[in-house]
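K.L.:
Got two chains here, separate frames each, mind docking them using the hints?
Each chain, written out:
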Amino acid sequence: AQSVTQLDSQVPVFEEAPVELRCNYSSSVSVYLFWYVQYPNQGLQLLLKYLSGSTLVESINGFEAEFNKSQTSFHLRKPSVHISDTAEYFCAVSEAQGGSEKLVFGKGTKLTVNP
Amino acid sequence: DAGITQSPRHKVTETGTPVTLRCHQTENHRYMYWYRQDPGHGLRLIHYSYGVKDTDKGEVSDGYSVSRSKTEDFLLTLESATSSQTSVYFCAINAGGAYNEQFFGPGTRLTVL
Chain A
4 AQSVTQLDSQ VPVFEEAPVE LRCNYSSSVS VYLFWYVQYP NQGLQLLLKY
54 LSGSTLVESI NGFEAEFNKS QTSFHLRKPS VHISDTAEYF CAVSEAQGGS
104 EKLVFGKGTK LTVNP
Chain B
4 DAGITQSPRH KVTETGTPVT LRCHQTENHR YMYWYRQDPG HGLRLIHYSY
54 GVKDTDKGEV SDGYSVSRSK TEDFLLTLES ATSSQTSVYF CAINAGGAYN
104 EQFFGPGTRL TVL
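Chains A and B are the protein sequences, given in the same order.
Under my numbering, the first sequence has 88 at position 85, and the numbering climbs by one with no breaks.
Under my numbering, the second sequence has 82 at position 79, and the numbering climbs by one with no breaks.
In isolation and in its complexed conformation, chain B is listed as follows (with noise of 0.2 Å):
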């Protein structure tokens, strides 16, 4: 168990709405991960943090921003979300250090109406 919470874990929103969904780690590791998880797609890299305030964008970011005010919890946000945000999304930490071996949540589904 390498301490991730994700909240919500499920969540039904409608299109062009807010949503935030929350990654909380209570190790203190560095770097912290959000992706999307679709079916025939694998794991996509949405964003990560390598410190608090120290974001940089992955494949597949754009409608999507993040902020890491504390080391603890990384926040992913679908400022207005669409049908195509359908999905789930897993956090991952970095507990590897160089070897980047990443540990993850039990992941939040959202389902954009």
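Extracted from the complex, chain A is given alone in its bound form (with noise of 0.2 Å):
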């Protein structure tokens, strides 16, 4: 059975520094990796995701991951935050042998951006 944990559930930091939201997963097999983000009372929207080939994926707002098979690890990186990246954030992941129809995700990491 998959799991993901991610290490920190609340992260502040300052507009315009650098910040890192950790998320590590368990599996048996090979994996598909998805980071979601929830803004405040709104439902969740994909991120960004790893499926195959490169393993540096990057969103349209600046913010990127890398999966790290060694390490079980997809941390997402942002190298300057904006007060509008202020959200809840979501890693997931799924088996990518068998057909699974699931995704297990993490209890989620707060990003408060401080002006």
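Do not rely on the hints blindly, as some may be mistaken.
[Unchecked claim] Now the stretches of chain A that chain B is said to cover, found in silico as 3 or more residues with beta-carbon under 8 Å:
id, region
1, 37-46
2, 49-60
3, 106-118
[What the hints assert, rightly or not] Derived DSS-like pairs (lysine-lysine); straight-line CA-CA distance at most 25 Å:
id, chain 1, residue 1, chain 2, residue 2
4, A, 110, B, 60
5, A, 72, A, 110
6, B, 56, A, 105
7, B, 73, B, 60
8, B, 73, A, 105
9, A, 72, A, 105
10, B, 60, A, 105
11, B, 73, B, 56
12, A, 52, A, 72
13, B, 14, B, 60
14, A, 113, A, 52
15, A, 52, A, 105
No lab work stands behind these hints, which were simulated from the structure alone.
Just so you know, even glycine gets a beta-carbon here, dropped at the ideal spot from N, CA and C.
P.N.:
And the structure:
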């Protein structure tokens, strides 16, 4: 069975500072990995995904994540955050084999960007 | 926009009453899901469906039932609501095929008094 650990429940940072939100997963098979973002009082939006190929994936708003198979990690980074990045971020994993229909989510990391 | 709507968006009800939440999609995706979101727990899968009349349990299915009589609609029913079912409920569809890339509805905030 898969599992996802988001190591920080809350991350406060100042505007224009860099940030890293950590995600580790556990799985006995190959995986697909996702980061979702939830702005206050909204649903979840897909931020970026790793399916195959390049281990570094990017979003349109400056976030990036790197798949590290040896460390079973998929950390999310941004070199300079904005106030508007304040949100909760969820890491999720799905099995790449066996036709798994389910995503397993981490418990989320609340990013607060302060002026 | 993945064409997912949920109704109602907010509901307050009393312990012991039945409650049905509706999820509607416009794109005929095969897989649909119901999650609940609670502080400190992230998203937990309640039930999911892989076709009309085909459903299966998730990790927190006790106290919930689902039905899918049409491809576009997936209903979640709380037969007798309890205060522990106060939560935000999200519906999702799998638009990514084998990649299981899911897209979410706007959510329903349910309060059970």
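K.L.:
Each hint: holds or not?
P.N.:
Status of each hint after checking the structure:
no.: 1; hint: 37-46; in the structure: holds (count 4)
no.: 2; hint: 49-60; in the structure: holds (count 3)
no.: 3; hint: 106-118; in the structure: holds (count 5)
no.: 4; hint: 110/A / 60/B; in the structure: holds, 20 Å
no.: 5; hint: 72/A / 110/A; in the structure: holds, 21 Å
no.: 6; hint: 56/B / 105/A; in the structure: holds, 18 Å
no.: 7; hint: 73/B / 60/B; in the structure: holds, 19 Å
no.: 8; hint: 73/B / 105/A; in the structure: holds, 21 Å
no.: 9; hint: 72/A / 105/A; in the structure: holds, 20 Å
no.: 10; hint: 60/B / 105/A; in the structure: holds, 11 Å
no.: 11; hint: 73/B / 56/B; in the structure: holds, 8 Å
no.: 12; hint: 52/A / 72/A; in the structure: holds, 15 Å
no.: 13; hint: 14/B / 60/B; in the structure: holds, 24 Å
no.: 14; hint: 113/A / 52/A; in the structure: holds, 19 Å
no.: 15; hint: 52/A / 105/A; in the structure: holds, 15 Å
Figure legend: structure checked against the earlier numbered hints; every hint is met.
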